[in-house]
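Construct the complete structure from the given sequences, taking the supplied hints into account.
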Amino acid sequence: MRLSGAAIIVECLKEQGVDTVFGYPGGAILPLYDALLAAPILHVLTAHEQGAAHAADGYARASGKVGVCIATSGPGATNLVTGLAAAFMDSVPVVAITGQVPTSLLGRDAFQEVDITGITMPITKHNFIVKDVKRLAEILRYAFKIASSGRPGPVLVDVPRDVQTAHAEFTPAVPSEESNAPVPAAQAQALAQAAAAISQAERPLIVVGGGAVTAGASREIRTLAEKCRIPVVSTLMGLGAFPASHELFLGMTGMHGSKPANNAVHAADVIIAVGSRFSDRVTGDRQRYTQGKILIHIDVDPAEIHKNVDTHLGLVGNTPAIIAELAAACKAKNLAGWQAMLEKWRNEASFVYREDTLNAPWIMRHIAAQTADGSYVYVTDVGQHQMWAAQHLAIEAPRTWLTSGGLGAMGFGLPAAVGAQFGVPDKRVIHFAGDGGFKMTGAELYTAANHDLPIISIIINNNCLGMIRQLQHVFFDRRYTACALKPVDFTAFAGAFGIKAMVASSPDEFAQAFALALKTTGPVVIVANIATDDLVTPMTVPGTGVNQFVSIP
Amino acid sequence: MKHVLSALVQDQPGVLVRVAGMFTRRGFNIESLAVGRTHIDGYSRMTVVVSGDHSVVEQVIKQLRKILEVVSVQLLSDSPSVTRGMALLKVNAGERRSEVLKLAEVFRANVVDISEPTVTLEITGDDEKIRAFTELMAPFGIAEMVSTGQIGLKRGSATIYQFRECGYYEQNVL
Ligand SMILES: Cc1ncc(C[n+]2csc(CCOP(=O)(O)OP(=O)(O)O)c2C)c(N)n1
Ligand SMILES: [Mg+2]
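Top to bottom, those sequences are chains B and Z. Its first residue numbered 1, the first sequence is counted upward by one per residue in the numbering used here. Its first residue numbered 1, the second sequence is counted upward by one per residue in the numbering used here.
Some hints could be false.
[Claimed, not checked] PhoX-like, lysine-lysine: derived pairs with alpha carbons at most 20 Å apart:
hint	chain 1	residue 1	chain 2	residue 2
1	B	Lys65	B	Lys427
2	Z	Lys102	B	Lys307
3	Z	Lys66	B	Lys145
It should be emphasised that the hints constitute simulated quantities derived from the structure, not laboratory data. These figures come from a predicted structure and were not determined experimentally.
Next up, the structure:
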């Protein structure tokens, strides 16, 4: 079959089972848009290319499939950058296709020419510029394979306009099934050592990270934890890999982790870390983190072992298989002493939810209770509300908690929620934003309205850049600067897109508004007014021990 | 501590930028980086000299392996290997030309050009030899100098191809 480059791209997308793409057109990508017109692929026009990239990311996080976004050359391509970086930092499979000026103009500073492969080199797993239409299909197939295999990540394919219009022979191919690699025999010894260390541990602890979600290792982790009665903590990215309601779950660990979780990390003698890259927000002081304990690190990426912390035993490869083998080899032991310690911390830290005024922890708890027996995906933006959501939503299942962890990109939430709602249409997306971050990409309400997506957006409105204010409160002696936000009429903003919005300033009003929101079928916005000076607790000082909590003045 | 690494890479556009970019971004210290073609079309070989302790080199190797065009990585400095670099030195020999030529002979440096005041010498050898020769020439006055990065191979029959032979695009896509 002889096809144009643009038609080849469409054929490759179909081959990969792509049903939805997020994008924004422009001159250099128009041939592809023309070919998409007749394709059985839904093109979602976002309000901004950053929105398209975050949407592809949210689609991938929620569904486990590769997300696809499309942009034109120059400004279209540069607008993808934040979205690609967010996907890269959190290892999310995204394929970005960008238009480029014709090959004859490359390097001449042509209209809307930017070196997007140069710009995105450090924030993609790999990228390509296709200069020969004969290689287009091969490169696209490879792009999908790179994005989704091993440690997933974004891949960008830059296609000059003349390559989209040139013709080449196209032979259909079925994507090969990803084979589940067995645990390499070379690791048998490390595995036995790890099993022995776990079996002998007095104070073992499992730390789940984002890689546990990506690898789909929840069942195996649960088997291991339950068999040996090992308590589990989660990083921000790992939430959902282990059910929050499980008796062995101690909560989130890290800078805003719970006291039982962080104390357990500090006190543990053996830590089994699954798919965590030991970010500074998780470890605090990297040296202190591992002192006096055996660290067993399971990850699909060998470069993560020993990258940030000293690992004693690194197990690399197929994460679920490794944990299954560990679980089979480990022996349960009486851990009564350890359990008593944990129980004590748990009791000391039990959270009292204030009900007299509207506050974010209460909102999160209320939503968790109201949505406990349904199918929901929770998506956040970045800031205080993100931490409150992580602490109090009690996430039960993998891929139902979507947050920008590594990059911490404000503006991620709404477009990611849009993408997620397309990715898992039978679940309902609940999106949380701050009043700051919502102003960054709030225009994607347009996309939600346009497709009548049933997203419930909750704006935690504290009239400030809350997380910034909190840092200034704690570390800059309350010298607040550039963090006060003037009130914005978010209901009018939502109304401009034809979206219903409600305002809640008390727990009662919020409960009413949320009940109404659950009954609506389209997009809905709830503006939840909370106090400006509420702070996220607990909190540790970056760069210190995980159990060194600040006492907030 | 200095380590010499050899990488077999696919000859794709941008591969040098990708490798060099990784080194800068991750804060690894490269002393030299040399790239050149091999006897097999489509492949280049890079020799990188990095400084750092053992754990740094381990990270460097792992990060190199994550780059898709990198087919195979070999640590040369952990077993007997040969490394060589080359330098060209333009020395202001003036009246002392015979002295310079004598020293050049001791170091087996070739004379590649002679002009009224200058002698241009070509020297090949490991880092230390080139450094020693440069220091020796310094008092005469070095007008200009250029040197290549070190390149190297393991001694004996072992080759980089025995480490991991991968076809085009058939790599471990971590
Ligand atoms: C794109 C981007 N710019 C700046 C920051 C730094 N930052 C982190 S949290 C935050 C404040 C967020 O304010 P808001 O969206 O109102 O959420 P809140 O903390 O009040 O819940 C800022 C500015 C960031 N994470 N991302
Ligand atoms: Mg705010």
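Here is what the structure says about each hint:
1. B/Lys65 x B/Lys427: This hinted pair holds, its Cα atoms lying about 16 Å apart.
2. Z/Lys102 x B/Lys307: Violated - the C-alpha atoms of lysine 307 of chain B and lysine 102 of chain Z are around 51 Å apart, more than 20 Å.
3. Z/Lys66 x B/Lys145: Given pair lysine 66 of chain Z, lysine 145 of chain B holds - Cα atoms ~15 Å apart, limit 20 Å.
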